[in-house]
Each structure stands twice: as structure tokens, then as C-alpha cells.
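Engineer: Here is how the chains run, residue by residue.
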Amino acid sequence: MTDTVDIRIPARSPRHRSERRFRLYGMAAIAVSLGFLALMVGSIVLRGTGAFQQAFVNIEINLPANKIDPDGTGDPLVIKKSRFGSLVKKAMRERFPEAKSRKEKRQLYKLISATAEYGVRDTVVANPKLVGTRASLWVRASSDVDMFLKGNISAEVAEDQRRVSDLQLGWIKDLHDKGQIEKRFNTQFFTSGDSREPEQAGILGAIIGSALTLLVCFLFSFPTGVLSAVYLEEFAHKGRINRIIEVNINNLAAVPSIVFGLLGLAIFLNVFGFPRSTPLVGGMVLALMTLPTIIIASRASLRAVPPSIREAAFGLGASKVQTTFHHVVPLAMPGMLTGSIIGMAQALGETAPLLMIGMVAFIVDLPGGVTEAATALPVQIFLWADSPERGFLEKTSAAIFVLLIFLVLMNLIAIVLRRRLETRW
Amino acid sequence: MACMLDPSIPKQSIVSDPTSIAITRTSNKDRITDLLVRAILILCALIAVATTIGIVASLLLESLRFFQKISIFDFLFGLEWSPQTALRADQVGASGAFGAIPLIVGTLLISAIAMAIATPLGLMSAVYLAEYASKRSRNFIKPLLELLAGIPTVVYGFFAALIVAPMLRNGGDQLGFEIASESALAAGLTMGVMIIPLVSSLSDDVINAVPQSLRDASYGLGATQAETIKQVILPAAIPGIAGSLLLATSRAIGETMIVVMAAGLAAKLTLNPLEAVTTVTVQIVTLLTGDQEFDSAKTLSAFALGLLLFLITLCLNVIALRIVDKYKEQYD
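Respectively, the protein sequence lines represent chains X and B. Taking numbering that gives the first Met the number 0, the leading residue of the first sequence gets 0, the next gets one more, and so forth. Taking numbering that gives the first Met the number 0, the leading residue of the second sequence gets 0, the next gets one more, and so forth.
Here chain X stands alone, though its shape is the one from the complex (with noise of 0.2 Å):
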């Protein structure tokens, strides 16, 4: 007699279901983390596109030799002195001259930016055989004007919702119909630093800064990093104190970023002096920080050098100096060297311990040095989403974008520098 028993379990039951159910489970937790990702990188980059336009007005402007450059010098440093912003001023009354009372003439003015005549301003100065003609200049408008033209200001609401009035909605109609007002490349938001007005601000002072702190933070972190490793893989004995060290090395990886941050401001800045809101102080806390990752990596590259090529190098007479510097530590440098480029990756995103040691200053001009105050991109980025106004807030999405695609490159160069370089033994 046979007693054979089915252990296949039938499609329909009850466990079929259950089996079905859970792989669904985990394949939602992936789409839902993968959704978020997808829509906050899709919203910031869809929101920042937009600032890299930027809306000019055509004015016809009188630049009349008297009051520019008297003397007919040409000299820069005269024609940088006069005061350009009456004659765009006048410039805007010509062109609009139904704007008779103050209040029309302050809202007339507001169509473009208030740094509009430094603009005229150096076009002069760059040609100064402009002086003593009426020119036809592109000015920066406003940025109201330039969130209305890129439809973040509705003409739908109520008049007194909005900042762009009925009476400048007519004048910004009219240029438009007549092709003096346009949306162009915004140039000057990659050349110039922060300023007050949405519409001048730019990233680079923000993007010298934190190629300024990350210089630093890599020539503090990478050489003391690759040489503790070299130290704890290669030379320590497997002692008490190597342990505490190994033991030290992994907690501070998971010490919170601003501890770092306070650390620097009690001791780099308190004790020390070195100077605040510095690119020097920056990058010597974000090396501190760096500092466990680049080891954990180094030491990981240096123990995946088979130990065949130290019993070489020992048996042709070498030293233990010479074994380790000469044919160990070439040998492991890609991995550690793609540990750095990770390593610096996480610094150049790091915000709030760079608050701590006072880089949030409003700084206008480029840094020139380390021990000039800066600010760095992710700082920048606070700064501007903190910002109350509309044109802010585009320039964050956009500040966002450039720090994303400077990430997504650095990463880029490990893994294309890992699988160049990586040796399989």
C-alpha cells in the first residue's frame, strides 16, 4: 500500500495568498521609497529650472557726456563714479510717461531691478564710446516682474494679494507686446555672489567657498586618514590601546554633525582663534568629520591587498617601512582614494555644523582665500529657503540642482575611478 502525501501547497489557499501578499509588501516599501525620491528630486528640479532664465527689460537710456564723463577722459574710474540710477530712472519715465504722481513713478521704478544701473553702469564702462548717445539697453527686471513672467505671480488674485499691481500689470503688458521685455540665460547666477535682491543673487561666491572648504578638509583629513589606517592594519599590534582606537574610530562615525560643529566653535575658534566663518575653520571641522569614513575605507582597501605581495616584498630584504610605503599602500590607493571621493561627498552636503563656526554670514563678495569669509553651497541653500521672498525660492530649487549634479559627479568619478583601477587578485 502506497501513502504518498502532496506537499504542494494549491494555488488558491489561504498560505498561497499570504506568500503573494508579503512579496507584495516589500515590493510597495521599495516603490514608496523610490516615489519619494522621484518626487522630491522631479519638484526641486522642475522648480529650479526656472532661475536659470531671468527677464530683462529694452530701455532707450540718455547717457549724456556732462554728467558721465565731463572731461571726455574715458577713464573706467570716472565713468564708475557717476550716478547711473537717475538716468535709468529717467530712462523708465520717458518710456512710460502717463506715470505722473510719486506713488506710479516708485511702482514704475519697481519694474526693474534695483541693480539695474550697475548693469548700464559697467556696459558703459566696458564701452565707453556710449557716452554722450542714447542707447538701447537690456536691464534685469525686477524679480516680481520676473515671477509674474515665469507665472508664479497669477494676475487672478486680488490686487492687493499680489506684488504686482494693475498698473504695472498694463506697463509689463505693453513691453511685452512690443518685444521690449524677455526671458534670457541667466549668466550672472553662476558669476556673482549672494545679494539682497532675488533677481542679482548668484552661487558662485557659494560654490568658490565650498571648493575652498572641501580643499582644505581634504588635505587635513586624507593624508592623517590613510596614515591611521596604514597604522591600525598594517603596524599595531592587536593590543588594548589598537582596540580603544578601533572602538573610538566607529563611534565618531556616528557622532551628529553638529557636535563636530560645536567642537570647532569651542576649540578652532574659542581657544585657538582661528578666524570665523572661515573656508580654513570649515574645512578643518568637516575633516574631523570625514576623518572615520576615509579610515574605515582605507583600512578595508589596505586589508584586500593580499598578504603574498608583503611575503614578497619581506623575502627580497625589504623593510617593513618599505614593504608598507612601496608596494602596499600603491596597491590599495584606488579604494582609498574612492573612499575620500565619498568622504568629501558627504562633507560637501553637510550644513549644520558650518552654522556653528558662523559661515551663514551674508557675504556679496567672492572669498579670495581660506581665511576670508565664505559661505558654502549647502549654506547658501539654507539661507535662501529661510528667505521670505517669491524669487528666492526659485533660486533654492536652483542652488539645489547645481550642489545635486556636483554630488552626482563625485560620486561618478569613485566608481568610474574603482572600476578603473580596481585590482582583482
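Some hints here could point you the wrong way.
Taking CB as the label site, the calculated pair distances span [said to hold, decoys possible]:
| # | chain 1 | residue 1 | chain 2 | residue 2 | range |
| --- | --- | --- | --- | --- | --- |
| 1 | B | Ala49 | X | Gly238 | 18 to 24 Å |
| 2 | X | Arg19 | B | Ile52 | 51 to 57 Å |
| 3 | X | Arg14 | B | Leu270 | 37 to 43 Å |
| 4 | B | Phe72 | X | Leu218 | 42 to 48 Å |
| 5 | X | Val407 | B | Pro165 | 25 to 31 Å |
What the hints contain is simulated information worked out from the structure, not anything from laboratory work. Computed from a predicted model, the values in this text were never measured in an experiment. We put the CB at the ideal spot given by N, CA and C, even for glycine.
Once you've looked at the hints, dock chain B against the given chain X.
Structural biologist: Just chain B, lined up with the frame of chain X:
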């Protein structure tokens, strides 16, 4: 044989009798370099230790100065936080209140929301990736999840303040709830998403470390894959998963930018996630950015908060790392 052809090597140095090889002693110069190199290496390795000492010392010293002004019991058990310092001594409310309880409760509330989001999502993602996903989809999905971890926290903060918070508020309006525009929920939710990859990658390692023999035994007894995961793999991986969840919690407690941008400033003692709460990190940032006089209790209190934060996260980390380490040894 190359050395025989090299004229620069004097003939005498070539050992004529192959049975006797002279091993010369290391010269003094080499020894000194060796010692020097070792010294430099040890110094570098000690920088990490020095950093820890620096953190502890600076936090402790400034905190001690703070506790000279405000009693440590008032700080740890006080129920009110309003760190004003008076311009004049006779001003009303001149002393300010430095009770950290509302901040700790706020921090824990936001972290709890974050963990409530990240635990199921991270764990299920890890289970799916480790047990169900084909190698190809795993190679595709895993880096994408890690991308979430690579996005700077300031970006999450912006997203929380700009998109998540208004979305929640509008949703709440329609359902008849009143949700504050800087609610704990918005910050916690966004923070939860941020730590999903941390939970999933740590749990993934733990699940992969469970020996295949356990799975095979379970399948052999006729269990389905889901049953194997729920009744064999997860119980076996529980200590490691607990460790990774603790690490993630510590990360959530120490997270700064999301809460600075999306959580409130006013310290309110509440457990309602729809209201605005503030956290330890938010207060540190608010106290230390902008103008500061270095001796006031207000500024010094930031260091006391920093010390508190450091101790809490350190405890969580030490416990978590212990659990993870211990668990690893079991199957090695």
C-alpha cells in the same frame, strides 16, 4: 642574473659560496626612519582619539560653566524652555527658563515618527532585496535607495518645509484636522524617508549573514518563502536588526537640518504630532547663530544641550555596535 651584468655592483659583493648568505644588520639610519615613520603613524591614528577627547572636553567645560549659573536639576527636569537673557538685571522674566524636557520630548516625538516610517519601509525593502529580488533588479534598486542616503539633509529640509508641510496642512484642512505648518509630523515623515536607506542597508547585511542552511531547512519542511522569512530568517536576524534600528534612531536624534527648516522654534511640551515642537538640535542652532555673547547662560546652554545630545547618541551607538558585533560572531 641581472646583477652579474650590472657593472656598478662590485664583484666582491656577489656571494661566491652559495651556501653562506650574509644577512647584514639594518643600518642605524634605517632604524631611525623606521621609528620616525612609526611615530608619525601613531600620531595620525591618535588624532581620532584626540577628536573624541576634544569633543568631550569642550562640551564638558562649557557645560560646567553653564551649570554654575543654572542648576543641573533645573536643566534636566525643568518643564519650561525659554532661553532669554536679560538686557538689564531688573527686567521682567530676566532669568529665563532652561528646562530641557520639552526639547527632549520634541526630539523623541519626531524621531519616533521617523522610525515609524523608516522601520517598516526599510525592513521590507531589505527583505525584498535580499530574498526576492533577482540579481539584476537588486543591482538596479540598491544604488537608487543609496541615492536617498546621499542627498544632503538641507535638501530634505527644504522639501519638508516647502512641499510636505503644506501638503499635510491642506490634507488636514480637508479632513477637518488642524495641522500646524511646522508640525512634528512633516519633519518626522521627511526624516523617516531620509533614514530608510540606513535601515535597509544595515538590515540587508544582517539578513544576508543568516546562513543558507537555515533557509534550506525551512524550505525542506515545506514552508513557503514568506513563512521562512517571517518565522526563521527574521527571528534569527532580530538582534542585528535591533542594532541597526538603534543606529538609525541615533541618527534621527542627531539630525539637524531637517528639523531646523521644518520643525518649530517654540518649546511646547506635547505629544501631539500635529502641533509644532522643537528639538535639541534646533535649539543649539538657534542659540549659536547670530549675535552671541560668550558668557551668557543662553549661549552656554547650547553646549549643555550638545553634551546631552552627544551622551544620548553615544549610548545608543555603543549598545548598537555591541549588538551588531556580538551577532556577527555567532555565524562567523
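Engineer: So, for every hint listed, does it hold in this structure?
Structural biologist: Outcome of the hint check:
Separated by about 19 Å at the C-beta atoms, Ala49/B and Gly238/X satisfy the suggested range of 18 to 24 Å. For Arg19/X paired with Ile52/B, a C-beta distance near 55 Å keeps the hint of 51 to 57 Å intact. The hinted range of 37 to 43 Å is satisfied by Arg14/X and Leu270/B, whose Cβ atoms lie roughly 40 Å apart. One distance hint, 42 to 48 Å for the beta-carbon pair Phe72/B and Leu218/X, holds here, with the actual separation near 46 Å.
Distance hint check for Val407/X and Pro165/B: the Cβ-Cβ separation is about 28 Å, which falls inside the suggested range of 25 to 31 Å.
Hint check: no violations occur; every hint is consistent with the structure.
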